[in-house]
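Residue numbers (our numbering), protein chains in the order written: chain A, 4 to 385; chain B, 90 to 335.
There could be a bad hint or two in this list.
To be verified - Taking beta-carbon pairs under 7 Å as the criterion, some of the chain B residues facing chain A (in silico): (1) Thr179; (2) Ile196; (3) Val321.
Claimed, not checked - Result set (EDC-like, lysine to aspartate or glutamate): computed pairs, CA atoms no more than 20 Å apart in a straight line: (4) B:Lys111 - B:Asp156; (5) A:Lys5 - B:Asp279; (6) A:Lys5 - B:Glu218; (7) A:Lys76 - A:Glu236; (8) A:Lys84 - A:Asp55; (9) B:Lys317 - B:Glu117; (10) A:Lys203 - A:Glu111; (11) A:Lys5 - B:Glu117.
Derived from the structure by calculation, the hints contain no laboratory data.
C-beta: ideal position from N, C-alpha, C; glycine also.
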Amino acid sequence: MKFRGLIFANLFRKKVRFLLTIGSFAVALLLFTFLAVVKSAFSRGTEIAGADRLIVVSRIGLMQLMPISYRDKILAIPGVKAVTHNHWFGGVYQDEKNFFPQFVIDPEYQRRVMTELVVPDDQWNNFLKDRQGAIAGARTAERFHWKIGDRIPIKTTLYGGSSWQFNLDGIYHSERAGGDESQFWLQWKYFDENAPDAVKSTAGWYVVKLDSPDDAVRVAKAIDEKFANSSFETKTETESAFAAYFVKQFGNIELLILTIGSVVFFTLLLVTGNTMAISVRERTSELAVLKAIGFSGRAVLFFVLAESVIIALLGGFLGLVLAYLAIPVIGLALTGLLPPLILSKSLLTLGLGFALFVGGVSGLLPGIGAMRLRVVNALRRV
Amino acid sequence: MVQVDGHGATASLIQVRGLDKKYKRGSEEIHVLQGLNLDVDQGEFVAFMGPSGSGKTTLLNLLGGLDVPSAGSIVVSGDEITHMSRGKLTEWRARHVGFIFQMYNLIPVLTAYQNVELPLLLTKLSGAERRKHVETALGLVGLADRMRHYPRQLSGGQEQRVAIARAVVSDPTFLLCDEPTGDLDRKSADEIMALIERLVREYRKTVLMVTHDPVVAQRADTTLHLEKGALVEAGQRRRVPAGGVA
């Protein structure tokens, strides 16, 4: 590229300004990437939800329990392949900061419904034989340095405040990228024996595996109709709709992130645009000379755009490197408060695309100004 | 041969006929050039003089295709430039015109070599060919040993010589010089004028120069005065082969 020398010479003409612009770009892109990662963490449940699964909850609300007898009634509905029931245990391990979700599960159907959460057979068989057994997600096991055979005390906050003891019989992994590996599963029978009377023989929600995703609407309607006008009416929806509803309980995360992201975007646009505008204004006479000796308006526009895009790419790259280094550390500090923060390749590509877009747009206005510059007027200003 | 009566030979390198240029300043219309005629042959060295605001630079801008006239025509080497589109005019300038400005107008972040190479970036010449041309041009102006210097590391006279090298490196049809010695001391000005004269005498370059300085104007073959928007011949100098002044 024979214009390389000219473009790079102009880029480095004011080194401090160049470095500051790159720096502001990098910091803004770090923030943008972090926001995108947080958004992705919250929406991941929706994205990875099984298309062939339904969630059945009480029509009154998620905290309202349903009879355990519903499982077999749901199983009898045509199009239903398997049903498992879950219960929120809500316990604390050592300290309240150590949050992770604990679910009372139905060992009979859990693996047939949650097929992507894989437990080795030998570990699962040990779990089935052990009433106090527990299965932990790989992330939670790693977080607390648990190993199979460990005795884990969990103090319940919902059922009398006593400490329940569990034996870690297995560790599950998610086969889906970004899948939830933070859960802790307990035996329903052990829970049911020790739970208060009001909670006995109940389930918090049911997860229904369908024969085909095409049956989702029909089966959901059939389930709700089956329990209509009963003491425990149900509300059935797809797993992704349930995940989206669950995220909304935190507030409108998406709107919040979009708002902050937009502020970052426009600030960055203004900073880079201003830098480019100053840079172009400072060398009006030089641009005029270039046009006088035969460089076209489009060539001049190209030079300005190339500069802003290079600034954006360098700043963007630096910001992404910072994000790559910082997000695991931030994620570790926020464990339990936020879903896992994962900086995926698609987010890195999005970040780079964002940088390119901002670079292009911010260079466009000063570039067009330079393109339309009248040589005679510009030289007269010298 | 330079003529201002509009009856020059059709073979003249530059033919200007009935050139008008008007500017609007608020509601006022300023008629800078009025029905100006000019014929310049290849290898001529013409100086334009006149008071400030008489339209010397405007004429130079029109001849260089940097501005468009209100009326009239400019034909250079058979190309009528007054009706060319902006894009065509840009290409035409790259091929035919070498500009030398009073303030040198070098790109400060480029070395002397890179500044001189600029017009060649618009050609299809290879890197090696460009290098050869640049070295020749810088050698011609006596700055072969200053190629890697930046403008800030050169004196005013040296900067102007780099500007001259940049103007001639692509071997344009003619050179337009706007006060080329206006920012130089007398000694440097003499050196620059000697260089321009050499381009005319040895390389048969056609040079059109605007100047306020009568001493500088005397170096040209013909001096023309701009009066009331038209050109008036002020004097001719007999051309002598090399070095001497008539």
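Results for each hint:
1. Thr179: 5 Å, holds
2. Ile196: 5 Å, holds
3. Val321: At about 25 Å, which exceeds the 7 Å cut-off, the nearest Cβ of chain A leaves the hint on valine 321 of chain B violated.
4. B:Lys111 - B:Asp156: Status holds; Cα separation ~12 Å.
5. A:Lys5 - B:Asp279: 36 Å, violated
6. A:Lys5 - B:Glu218: 13 Å, holds
7. A:Lys76 - A:Glu236: The hint holds at about 13 Å.
8. A:Lys84 - A:Asp55: Holds, at roughly 10 Å.
9. B:Lys317 - B:Glu117: Cα-Cα ~17 Å, so holds.
10. A:Lys203 - A:Glu111: 18 Å, holds
11. A:Lys5 - B:Glu117: 47 Å, violated
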